[in-house]
Amino acid sequence: QKEVEQDPGPLSVPEGAIVSLNCTYSNSAFQYFMWYRQYSRKGPELLMYTYSSGNKEDGRFTAQVDKSSKYISLFIRDSQPSDSATYLCAMTRQAGTALIFGKGTTLSVSS
Amino acid sequence: EAQVTQNPRYLITVTGKKLTVTCSQNMNHEYMSWYRQDPGLGLRQIYYSMNVEVTDKGDVPEGYKVSRKEKRNFPLILESPSPNQTSLYFCASSERGTAAFFGQGTRLTVV
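Chains as they are written, first to last, in the numbering used here: chain A, 1 to 111; chain B, 1001 to 1111.
What the hints contain is simulated information worked out from the structure, not anything from laboratory work. Hints are supplied without guarantee of correctness; some may be wrong.
[Stated by the list, open to error] Below, simulated DSSO-like cross-link-like pairs (lysine-lysine); rule was C-alpha separation at most 30 Å, straight line: (1) A/Lys2 with A/Lys67; (2) A/Lys103 with A/Lys67; (3) B/Lys1057 with B/Lys1069; (4) B/Lys1057 with A/Lys70; (5) A/Lys42 with B/Lys1057; (6) B/Lys1018 with B/Lys1069; (7) B/Lys1065 with A/Lys42; (8) A/Lys42 with B/Lys1017.
Given only the sequences and the hints, what does the whole structure look like? Please build it.
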């Protein structure tokens, strides 16, 4: 079993939809959870960063961590065509140590 | 402007010819890291560094070397490149080890 699993998609939604992106993981020692957005031919950019369980909200984005289920989610409300990108989850046991990434989910938002 | 700068952006080289990809950040970050991104395999960490003279292996360190002699620079060295190291490489930095800032990427082809 891979340490981090992420459905590659592609996921296609109409503008204005609520998008749910998810990752599962196997290592219960992971404590820090990140979501990145990557546009084509660009480097990833950090969207959200969460420590341990719970929710975190930033504008249209909400990150959720359920450590009991080893499951993390990123919700995008009122999705826009500019949200079309690949979304990567990542996690680590301890800040400043090895980061493990999911393979990314490609999202397409049509106007 | 806060940024992570990688050079070169594109490189074609021959098997066995030593090369260095440079990475520099201007944000005084302690944490720097290198990744390779391959279709179907996602983003995988090669090496990371929590501070000057402190480096550690990530997921796929074989065939690579790094050094961290100064806080701002973190070069990636391929002593004897092979075709299976053909990939898109990213450098990243952050304060907390979340890889918050990525460079633009270096597309390496080894023939």
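* Asked: Is the Cα-Cα distance between B/Lys1057 and A/Lys70 30 Å or less?
  -> It holds: about 25 Å lies between the C-alpha atoms, which stays within 30 Å.
* **Restraint check for A/Lys2 with A/Lys67, where alpha carbons must lie at most 30 Å apart** => The given pair, whose Cα atoms are some 17 Å apart, holds under the 30 Å limit.
* CA of A/Lys42 to CA of B/Lys1057, is that 30 Å or under? -> holds, 25 Å
* To do: Given the hint that A/Lys42 pairs with B/Lys1017, test it: the Cα-Cα distance must not exceed 30 Å.
  => At roughly 27 Å apart (the allowed maximum being 30 Å), B/Lys1017 and A/Lys42 satisfy the hint.
* To do: Take a quick look at whether B/Lys1065 and A/Lys42 sit within 30 Å of each other, Cα to Cα.
  => holds, 24 Å
* Asked: Does the structure keep B/Lys1057 and B/Lys1069 at a Cα separation of 30 Å or less?
  -> Given pair B/Lys1057, B/Lys1069 holds - Cα atoms ~17 Å apart, limit 30 Å.
* Asked: Holds or violated: B/Lys1018 with B/Lys1069, Cα cutoff 30 Å?
  -> Distance of about 20 Å is within 30 Å: holds.
* **Hint consistency between A/Lys103 and A/Lys67 [alpha-carbon to alpha-carbon, up to 30 Å]** => holds, 20 Å
Violated hints for the displayed structure: none, as all numbered hints are satisfied.
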